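Novice: As a plain string of letters, each chain reads:
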Amino acid sequence: MNLSRKWLEEFVHVDASDKDFAEAMTLSGSKVELTHDLGEEIDKIVAGRILSMERHPDSDHMWVCQVDVGGGKSVQICTGAWNIHVGDLVPVALDGATLPGGKKIEKGKLRGVESNGMMCGLYELGLDERDFPYAAITPAALLNDYHPLDKDKPSIPADIQPGDKVFGPVVCAKVLECAIQPDFTFHTCLDTGDATACPDTACANLHEGDLVAYNTKTDTICTLADLRAEQAEFPHCIPDGIFVLHEEGVELGDDIKPVINADDHVVEFEITPNRPDCLSVIGLAREVSATYDAPLRLHEPVVRGGANGVLPDLLDVETPAADLVPRYTARMVRNVKIGPSPKWMRERLRSMGVRPINNIVDITNYVMLEYGQPMHAFDYRYVKGGKIIVRRAQEGEELTTLDGKVRKLTANHLVIADEHRAVGLAGIMGGENSEIVADTTDVVFESACFDGTCIRKGALALGMRTEASAKFEKGLDPLNTLPAVQRACELVEMLGAGQVVDGVIDILNHVPQPRVLCLEPEKINALLGTEISADEMVSILKKLDFQVEGNQVTVPSWRGDVVGMADLAEEVARFHGYNNIPVTLMRGQTTRGGYSEEQKLEQTLGAVCRSCGYDEIITYSFISPTCYDKILWPADYFARKSFKILNPLGEDTSIMRTTVLPSMLEILTRNWNYRNKAARLYELGRIYLPGGEDGLANEAKVLSLGAYGADMDFFTLKGVIEALLKEIRAVDVHFEGPTGAPSDASYHPGRCATVWSGSDCIGIFGQIHPLVAQNYGVDGELYCAELSFDELMRAQGPDPEYVPLPKFPAVTRDIAVVCDEKVTVGVLESAIRTGAHGLLKEVSLFDIYRGKGVPEGKKSVAFNLVLRADDRSLTAEEADADVKSILEALEQECGAVLR
Amino acid sequence: MKEQLAKIRAEALSAIEGAGDSAALDALRVQYLGKKGELTAVLKSMGKLSPEERPAMGQLANEVRAALESALEEQGKRLEAKALEERLEAEAVDVTIPGKAPKLGHKHPMYIALDEIKDIFVGMGFTVLDGPEVELAEYNFDRLNADEGHPSRDWSDTFYFDKDSRVMLRSQTSPMQVRAMDTMELPIRIIAPGRVYRKDEVDATHSPMFHQVEGMVIDKGVTMADLKGTLNTVVEQLYGKGTKTRFRPHHFPFTEPSCEMDVQCHKCGGVGCPTCKGEGWIELLGAGMIHPRVLEMAGIDPEVYSGWAFGIGLERTAMRRFKIADLRLIFENDVRFLEQF
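Protein sequences appear in the order of chains W and P.
If you use my numbering, the first sequence corresponds to residues 14 to 912, in order.
If you use my numbering, the second sequence corresponds to residues 68 to 408, in order.
Hints were generated in silico from the structure; no laboratory data involved.
Computed from a prediction, not measured in an experiment: that's the story for all the values here.
Note that CB positions come from ideal geometry on N, CA and C, so glycine has one too.
Treat the hints loosely; a few may be bogus.
Incomplete in silico selection of chain W near chain P, CB under 8 Å [claimed, not checked]:
no., residue
1, I594
2, G619
3, Y687
All chains should be modelled from the sequences, with the hints used to inform the complete structure.
Specialist: Put into structure tokens, the structure is as follows:
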């Protein structure tokens, strides 16, 4: 919500800089986002009058002007603009001036002639034609400015003389005289060769001696469009130039800022949805008045009325959908003269960010900004039968709204209709078929209160949130409709825009009684932790127009948000000052805070991952459905069934992942594409499996690891997983190949393992299938692991218990056995353990050899064995006996023989 | 013989002193003291002496032997020291060559910020809760006093899983307030960090998924002054002692009175600069006294109990903490980014 401080000043006087004002309002609850000083950058630009104009001695398109800038001073200024004439009132940037945008103007020479400033155009002042419609420039095509596109084939001869034919009825003519008229058009006198002509024209670039194309048939001076000429052919005949002021009461030398409303300051507020009343100048003025303890000057609209006709005869209103129309108020204006609204009104609208259109439309916007009450004006002649019916739309009913779009409606939309058809979409936008147009003569002003939810849903369904609907949807004050329509009618009379018909149509379907609350100062103080006196509370509430009698507080009609003690407490706190509330620490029963077992495990897992060199990542929980294809999950795999977002931002983020693999792969790929040589990443993320309680998801946590790089292989990854399991003292851990689950398809079938604690599968890890990597555009080896957090939780072993350090030395023996290629190290190890007689403390693989000396299809596997007794030093014989038994077991169970 | 011994002594001592390495020293030992050594030879010839001469000569010979042995030992030590010195010199390294660092992983900056916040609250007796992200609109909105027409319920703002707008991705961590009220014994002190989702396109300051930390206290006699005191303590721990804060009125459907808390801009100290958009303050979090309706809906009597709650955006906290300018970096997970923290 933008607020013009000039407009605000009409209701409450505040003497504060923008910064102080913003701070004070923010602290009392109306958050200021930004402040704009509309004229901040404008300096040393004054009104001046052109005293004389001479053609520049050394230029074919420039003028040298003497300009009276007040105080008896005149300055010489060179300009290339052609739309000015002696006597024009223009904005003059003096030497040392700054323009909007910070551009500095300094005196200098233009083609050898001194120029002591600049006359400004609209755009140079940060304005456009919407601010000053009269400043639009229509250029005539000056034949002395003709530059042929093709030098060899000019359409107009260079030596053309008055009277020479240009084409058809158009002849060359010389301007003998050009005089400005009171309506800012020009009266000219032309030499057409053998005669003279005196057409009036809007063209502003004519000066004595210019050659023009004169249409003898229509008695007009031709523009570029009339000649079907391109701009390049008349490079200086452009619709741009100096902003010639048509303002009254401007003295020469006056600062230009007030003339162009650049002396206003605009404050941008963030209004929270509970305060629709603050979406208006008056609403904010009320807050300002309470903040600054300054009197609020409200204005009671006065309407003279007296137009011909009796309102009930002219207009009848029915509200069959009474539940959606708490109140409908309307008045009528006749003999309307559509035209531009006055400058002050246009300026205020522009300051608040609203584009001026015409007096009637501007009045509705003005009232909406001032009162916060959306207004609609529609052309009475299109209300057939003089009857307005506010009803639900018929299913499929169509209406073309003011923006020219055809809207297909449903029974959930509320329309303003006559007996035959809808003429407006209630609370959202008017219909094109009843729009105020140039020849509108009778106008109905509608000032209604519609059901917020109905308007919100209706606007949403059509995807057209408007200024009006945004206000209605928050729930407006039904008592505001009448003052607003009165104000509109008052403005009509003030602007002389029409005559108001006596009487008001006012249908009250549902106007609630004022809410009365009990003021309980001790409760308010108990909630806030303050000791504010009852008197201070009462005075704060009264400032905000609450009526207080005894402990009875009557809430103003526009404060629908205040319903209980806590709301009163907030009002008191706002104006007592949030920053004056004391600062205390929590008392009362202490609670035992801390981390749960799950949270502690999360911390441990993260710490181990990081100590193994893995960086933590955060990935989106939603993925694209195509991800399942990319990781080669079979089409019928049940785990593809995912929570699907019905209104996603895009396909890529449309389903909740049931696997973390695509997320990890995406990040690995990104790093790969960034040419990072290696990446080791982990995330403790959730997957979202259908089938939870209340139709929600089972949100299981998964620890995912992902890596690539020169030193990555299956065993480096496995080492990290072993480290993780060791750190949490997981019990009965073993590794197996893939289990044949459909999700195994994502992994390299020969380099993928599952990890188990007893009979529980903790997860899967290994090299990503080359086809999956290829799907992600990676031609290297990617490694991933997916470990179930719940299983890790379950696998955690008991707290460690101290085991006495060995007192006796160990005997170590190295053995190498030859076995079939297909016998795994795991099987050999377990055979070793079976064969041992309780003296074996450690087995570790140290070599696998294939080649010379080992038969084809076989391998030699070497282990280091550590044997020890806890109660004595082992003899060599005892150790040898154990090794012998181990070797027997290896031979019997695995067919492995000592090499 | 006396002369012979003196000669051996002089020659041997000089030779020992001149021995350049332990091999030469060993050779000298053999040359003089070995079985066939020169001194040994002299000793062997003692038999030829008269019994009167023998004791004196014997003593002299022993003295020479002791002198040689001691000289050998000393020279041995000297050589050893010299050899060590030479070895150490040869082993010297260029200490400016970079070390062989073990590759350590890094915590994500956002979780660094989160862990700081968690630790602060746990220290104050708070419990850390975890809750569902796929959430019922009932918990995310209804039970938090955001009724049917509340704009945040729009399909343009919130992600839904069913046509009836019943199941959604939580748009805030605040439903954890309700879940805590429903399941925990009073008094309650919790924080609940987690992912939240809103329908915002990705840009430098927006992401459809981001993180919040919810906090809530419910007890008898809890006041807005307590809220201010607790949050000030937290901010001092996060941003340093003496960090200035201010509280501004705001609106949330589930708190009344509601506020936002600003911290004074660390860059300009409150004067106004581009970092704080000229305001001198930076918005940090939203908070307020739990709305009596919200307590009532959870079966907690607002006449007896009161409480406060807050919600803080984690990304912004982390971005401010580490001066990260673009939110997209947080979710991009480029290792060159991650390894800076």
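Novice: Hint by hint, note whether the structure agrees.
Specialist: Structure-based check of each hint:
A distance limit of 8 Å between C-beta atoms decides the matter here; for I594(W) the minimum to chain P is near 5 Å, and the interface restraint holds. Checking G619(W) against chain P by beta carbon gives a least distance of about 7 Å; that is within 8 Å, so the hint holds. Given the 8 Å rule on beta carbons, the hint for Y687(W) holds: about 6 Å separates it from the nearest Cβ of chain P.
Violated hints for the displayed structure: none, as all numbered hints are satisfied.
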